[in-house]
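Residue numbers (the working numbering), protein chains in the order written: chain P, 9 to 413; chain C, -18 to 118.
Calculated directly from the structure, the hints in this document are not laboratory data. We put the beta carbon where it would ideally sit given N, CA and C, even for glycine. Among these hints, one or two may not hold up.
Simulated coverage check for chain C against chain P, where a stretch passes if three residues somewhere in it have a Cβ under 8 Å from a Cβ of chain P [said to hold, decoys possible]:
#1 10 to 16
#2 23 to 36
#3 45 to 53
#4 68 to 81
Incomplete in silico selection of chain P near chain C, CB under 7 Å [stated by the list, open to error]:
#5 R169
#6 F238
#7 S268
#8 P271
#9 Q307
#10 G326
#11 A399
#12 A402
#13 G406
#14 I409
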Amino acid sequence: MTEPAGREPAEASADDSVINTSTGRAHGHDDCPKCGSTEVSRKGETLSLICGFCRYEWVGTRLEDAHGLGDGIGDLAGRTFMSGAADITSAETLITLKCQGCGSEVVVDTGRTLEARCHWCRSILSINDKIPNGAVPDGIVPFAISKEDAIARIGQFAGKRKFFALKRFRAEFKPDNVLAVYLPYMTVDGNVTARFHGKGEVQTRRYTVQHGKTSTTYYDADVYDVVREFDLHIDDLIIESSATRSNIDNRANTNNIINSLLPYDVKNMVAFDSNYLGDATAEKRDLNIDDVTRKAHVQFLTMAREGIRDDLMQYDRGVRWTHEDMDVHGSRWATVFLPVWLYSYAEKSDTGQVMVHYIAVNGRNGNVMGSVPINKARLWGVTFLATVLTAAVAWPLGAAIMVAG
Amino acid sequence: MDAVILGSSSSSGDIGFFGLVLLAVPFVVGWWTYRSLYRRYRNQDQRYRYEYTTAAVRSRLQRWDTFDRKNNRQRNRDIHGRNDDDSHERADHATVREAQAPRVAQEERLAQEAREAEPAREAQEPRAADTPREPGA
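Please model the entire structure based on the sequences and the hints provided.
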């Protein structure tokens, strides 16, 4: 991570705490800058966009370069956020766009997607700027893994977990049903000072004492008051900004699977352009910075604790921290769409409860993780068999040894 | 972790202990089989390892290590209540303060020139005492 000092955030708006990423463009046609066609798509797995009509190519703006994200973390003071992370002020998801091609009105459900094709003239209409319902992020990290690749990875993952999988899951499993989804996240940089206070012990002696038939090992130690204070500059911590996705409860859902796909290479995020979405659906952000601040602070604290571990090696009996203090001098927030290939399967239990299992692929590096519903009868059967077989060997041996003893 | 090492100096005790271990082994194997297979299929322990994967630069580290006392004849290998090895385990007292206003604003306030002090009371012109009023006036 680079840390040049004194860099001013680029394009600071009238309110210094907001970095303006608005495009200023009207919703509707997001067309080729050369010929005006709306048939724009991504060029393969690159960051380039290409016009399907005149083949003109251009590249989206990297937010990291345009706004100096990742720079000047040590200078952050107060809460700074990009305009895409502004508070949600509208619950309205349906937006009506007037087609510039034919004048008809087309409704876009921004809760799922940010593009729609005009059903009369076939031109593509897009949401081209921030809207107050949180549907448009500052940046997007486009897919780098193709659908075929994702299907192969999901098939391989599930293929290795067939034997104990639920019979219905095995019968109904079709990795071709995988969907491309952009999920909403926030990235946060933090300029913090952490101060930890506790007790640490250094072993000075180890000895064993005999008590009749048994012996006990004892340890002597020197106890120290330990205090550590340091600055920590955190770069691009990723946090879920969808309430549903951030609710990780293993008893009720498998959201931890999606969570485990993190991190992504958010340094490569480009300014949001709906042409990057392609056929993928997009989930709308429904959490504000205030809703996730507490979680971010806890994670900052955990990172600070992790960051000081290497400095405690002399305390070979460990340290008991009793006080943790953290000052968050400044933070910088941005919203981003991250790509996920998602296969889901709804398991209905005998009680009628539904558990949705995900097998998901990180759309950038191809890491795959999943939850496969289990045939518990088979699992218990194999567990019982393993127990019985082990007992068949261990118990006679144990009995013989005890009798002999 | 409790590291008390219990053993027996007699060979018959050792054999009895080993026999008991063998009796318990099948249950341990059964528990391990169920747990590892369940984990392999459901992956409930998987999560974002942000504390290891997020870039963070530490600076201006200050240390205070002050000898407190001796703590002898402990039966545990680790300090009681050790939590430095699990960064997710919060200390008894954890406080996070967030600066809402930019620090620049504070600095500007502190950088203001000191207001001129009021003249000392002693330096004021002594006021003339009122003429005592006549009683009954």
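- Interface hint status, P:A399 versus chain C (Cβ within 7 Å): With a minimum Cβ separation of about 4 Å from chain C (threshold 7 Å), the hint on P:A399 holds.
- Going by Cβ atoms only, is P:G406 closer than 7 Å to chain C? holds (3 Å)
- Message: Next item in the hint list is P:A402. Is there a CB on chain C closer than 7 Å to its CB?
- Response: holds (4 Å)
- Query: Taking a Cβ-Cβ distance under 8 Å as contact, does the stretch 45 to 53 of chain C have three or more residues in contact with chain P?
  - Reply: Since three or more residues must qualify, the claim that chain P covers the stretch 45 to 53 of chain C holds, with 9 doing so at under 8 Å.
- Query: Is the hint on P:G326 kept, meaning its closest Cβ partner in chain C is under 7 Å away?
  - Reply: holds (4 Å)
- Query: Given as covered by chain P, does the stretch 23 to 36 of chain C meet the bar of three residues or more with CB within less than 8 Å?
  - Reply: The restraint on the stretch 23 to 36 of chain C holds, since 12 of its residues have a Cβ under 8 Å from chain P and three suffice.
- Hint check: is the beta carbon of P:F238 less than 7 Å from a beta carbon of chain C? Check passed: Cβ of P:F238 comes within 4 Å of chain C, closer than 7 Å.
- Message: Quick check: do three or more residues in the stretch 10 to 16 of chain C have a beta carbon closer than 8 Å to a beta carbon of chain P?
- Response: It holds: at least three residues are needed, and the stretch 10 to 16 of chain C offers 4 whose Cβ sits within less than 8 Å of chain P.
- Message: Less than 7 Å between beta-carbons is the criterion; does P:Q307 satisfy it with respect to chain C?
- Response: With Cβ-Cβ at 6 Å, under 7 Å, it holds.
- Message: Closer than 8 Å Cβ to Cβ for three or more residues is the test here. Does the stretch 68 to 81 of chain C pass it with chain P?
- Response: holds (count 13)
- Is the hint on P:R169 kept, meaning its closest Cβ partner in chain C is under 7 Å away? Cβ of P:R169 sits 5 Å from chain C, so the hint holds.
- Query: Per the CB criterion, is P:I409 less than 7 Å away from chain C?
  - Reply: The hint holds - P:I409 has a Cβ within 7 Å of chain C, the shortest such distance being about 5 Å.
The structure meets every hint from the earlier list without exception.
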